[in-house]
Amino acid sequence: MTPLAVSIAGAIASFTLVLVVLELIRSHRLRERYALLWLVTGLVLTALSAWRGGLNTIARWLGVRGYPPAVLFAVGILFIIAVLLHYSTVISRLSDQNVMLAQRLALLEQELESSGSRG
Amino acid sequence: MSEIAELPAVTLALPGLGELRRVAIVPALNEEHTVPRVIDELRAFDPGLDIVVIDDGSTDRTAQAAAARGAKVLRLPFNLGIGGAVQTGFRYAFEHDYDLAVRVDGDGQHDPAQLTRIIAPVLAGETDIAVGSRFAAAAGGYRSSRSRRIGIRVLAWTVSRIVGQRVTDTTSGFQALNRHGIALFARDYPHDYPEVEATVMVFRHRLRLLEVPVTMRERGGGHSSITALRSIYYMVKVLLAIFVGLFRRNVAPQEGTE
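Those sequence lines, one after another, are chains D and B.
Just so we're aligned: the first sequence equals residues 1 to 119 in my numbering.
Just so we're aligned: the second sequence equals residues 1001 to 1258 in my numbering.
Just chain B, with the same shape it has in the complex (with noise of 0.2 angstroms):
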């Protein structure tokens, strides 16, 4: 709980954190094995960190790992997708009243160490939503395979020439979010293959996006959700998506959340 005195440590690196409220984002799927680590390692960035681990639909203890290691657990009744999951979790943030949220994938590609870096930005009040992008420095580390690196490649490619603004990494889901970032996301998110919809949404809402570099490990448990042929389908389904999306309205972000 967010009463409990804070490590100077990452006070010190991020002044004015432990005034907020923050909480932790945990989508996990069939990771018994990573989630706990991940809920430590969280623990040792910031004790003062909330953390919520969103179940969606695991067929292995996953749940019970993460409720052992004293984390909250949302426990979906069936999968939703990455998309619906991670949502889930937005939605605790908004209607807990979270000041800073950040997502953290349960499968441990995502280090919390990391995690000073993209809050930063956030907490200084220079952007609404902080992506880590293994992309946006020459930096070294886990690289995913070849085609899934075109992919995203041309997804980043086209995204950036839609909003504007160069986007190295479309698909990486280290984030960190402001109030303004929780509540648009708490209210409309996309499914399935969410973080590239997501990026173009938030520029059409006209909140500020800011990429980080960082340095992403190999997965450390359950298997990737894309595979080649389904990558496919996405890429269609992810390009129709944002095109279809340009004619829509500009949603204004709602009063209040300005």
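Same shape as in the complex, but just chain D (with noise of 0.2 angstroms):
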């Protein structure tokens, strides 16, 4: 059985990160598409800590014998590792971006020095 201690910390600990999350959302420093996954993260650890019977549950189905707060960290880091991804492909994305921003711009510049000398 977890120890009640173990689920209260965790669940005030998740839930203060869906708390820090939607105040970072609300202040505009975080937006909504890279919130979602965090969000998604703070409630099912909230729920799994608060929900003792159903993380024993769970724990027996994945063959956890002796500690079921293991299954917490097994799907913390599952969702750790599926942020990160995310993050991945997102960084991906914004280099591409830049590429693309920094050639228009020497297009751009190039452009305005010879309509520059033209004229």
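Any given hint could be a false lead.
[Stated by the list, open to error] Not close to chain D: a few residues of chain B, all C-beta gaps over 12 angstroms, as computed:
| hint | residue |
| --- | --- |
| 1 | E1041 |
| 2 | G1057 |
| 3 | Q1114 |
| 4 | R1148 |
| 5 | R1179 |
| 6 | P1190 |
| 7 | K1237 |
[Unchecked claim] Here are some chain D residues the structure puts well away from chain B; computed CB gaps all over 12 angstroms:
| hint | residue |
| --- | --- |
| 8 | T2 |
| 9 | P3 |
| 10 | L36 |
| 11 | A50 |
| 12 | W51 |
| 13 | T57 |
| 14 | I58 |
| 15 | W61 |
| 16 | A70 |
| 17 | I81 |
| 18 | V83 |
| 19 | L84 |
| 20 | V99 |
| 21 | L105 |
| 22 | L107 |
| 23 | Q110 |
[What the hints assert, rightly or not] Here are the simulated lysine to aspartate or glutamate pairs, DMTMM-like style, with alpha carbons at most 25 angstroms apart:
| hint | chain 1 | residue 1 | chain 2 | residue 2 |
| --- | --- | --- | --- | --- |
| 24 | B | K1072 | B | E1095 |
| 25 | B | K1072 | B | D1111 |
| 26 | B | K1072 | B | E1019 |
| 27 | B | K1072 | D | E109 |
| 28 | B | K1072 | D | E23 |
| 29 | B | K1072 | D | E111 |
| 30 | B | K1072 | B | E1041 |
| 31 | B | K1072 | B | D1050 |
| 32 | B | K1072 | B | D1099 |
For the record, the hints were derived by calculation from the structure and aren't laboratory data.
From the three backbone atoms N, C-alpha and C, an ideal C-beta is built for every residue, glycine too.
Take each chain as given, in its own frame, and dock them per the hints.
And the structure:
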């Protein structure tokens, strides 16, 4: 059985994550599109921490014997991997766009200079 | 350009329009076949209307087709999505001191002939933003798919509750805006699926919004950016944005825009 203290600490920590993410959206420091995965992470971890019977059941399904909170770690790590992977795709897109911006800027500058010397 | 003499038709229908600097904002993504027709129809509606096409990273000849018809073209270096594209147009309108902006989609689903109805209340000073709604009255014409309509209804219901005014079509991009509306959207405009959040934003900034019944045509080209699975994502995202937005402090319009 999950120790009560672990459940309480887990629930508080996960719910704090949810609140922090909401506050970041509210203050325009985090876009909704990048916040959704974090929110799901926080909510799932909150639910798993608070719903102790459920955590035990899932642990049994997964063959985790002795220490059910290990499931919390596993789920947490899974979500962190998902968020990181998502960020890798975002960074790839941003660097592609950055290249395009630099190229467009160079073309524009050349156009400006040649039209300036003509006129 | 606005110096060209007006055709009597539009000046008769909308007295006072001729004195305003006005621009049509036309976002387009891979719509080379429909954009020229939209431009021609806008010219036919009002020859004094400047036309700005925002090419949102098209891979076809949308930009060339629009430029060939004499429209100004803002070519984005890559796809920003409809929100970012449209805001580019609002920024253009703001920085070039336009008094009135209309937004007409490049896919041909908005019939410029119906702009008279949308512009009239803005011109009369009755509202800051007028939105053409498919559902404001029992208008016929093109109807979107069933799932799409349900989504639109849910969003309309939610938004109506929040803003305290009946809003029937929160996804319509067929709009006319005065200087206050242009200034607000130039400063802050939502991304992705922007009209719903924008509607709430308009009320939070204490601007007036009015719906005008219109009919829309079937899309003439391109394809809807909203597919079945994406629409669920958008729904969640938009609802999240709306509810978090409720906890933002009211941002009053800037000095001089009152």
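We went through each hint and held it up to the structure:
no.: 1; hint: E1041; in the structure: 31 angstroms, holds
no.: 2; hint: G1057; in the structure: 9 angstroms, violated
no.: 3; hint: Q1114; in the structure: 33 angstroms, holds
no.: 4; hint: R1148; in the structure: 21 angstroms, holds
no.: 5; hint: R1179; in the structure: 24 angstroms, holds
no.: 6; hint: P1190; in the structure: 9 angstroms, violated
no.: 7; hint: K1237; in the structure: 5 angstroms, violated
no.: 8; hint: T2; in the structure: 30 angstroms, holds
no.: 9; hint: P3; in the structure: 34 angstroms, holds
no.: 10; hint: L36; in the structure: 6 angstroms, violated
no.: 11; hint: A50; in the structure: 22 angstroms, holds
no.: 12; hint: W51; in the structure: 22 angstroms, holds
no.: 13; hint: T57; in the structure: 27 angstroms, holds
no.: 14; hint: I58; in the structure: 24 angstroms, holds
no.: 15; hint: W61; in the structure: 28 angstroms, holds
no.: 16; hint: A70; in the structure: 30 angstroms, holds
no.: 17; hint: I81; in the structure: 20 angstroms, holds
no.: 18; hint: V83; in the structure: 16 angstroms, holds
no.: 19; hint: L84; in the structure: 20 angstroms, holds
no.: 20; hint: V99; in the structure: 10 angstroms, violated
no.: 21; hint: L105; in the structure: 9 angstroms, violated
no.: 22; hint: L107; in the structure: 10 angstroms, violated
no.: 23; hint: Q110; in the structure: 15 angstroms, holds
no.: 24; hint: B:K1072 x B:E1095; in the structure: 15 angstroms, holds
no.: 25; hint: B:K1072 x B:D1111; in the structure: 20 angstroms, holds
no.: 26; hint: B:K1072 x B:E1019; in the structure: 21 angstroms, holds
no.: 27; hint: B:K1072 x D:E109; in the structure: 20 angstroms, holds
no.: 28; hint: B:K1072 x D:E23; in the structure: 41 angstroms, violated
no.: 29; hint: B:K1072 x D:E111; in the structure: 18 angstroms, holds
no.: 30; hint: B:K1072 x B:E1041; in the structure: 16 angstroms, holds
no.: 31; hint: B:K1072 x B:D1050; in the structure: 8 angstroms, holds
no.: 32; hint: B:K1072 x B:D1099; in the structure: 18 angstroms, holds
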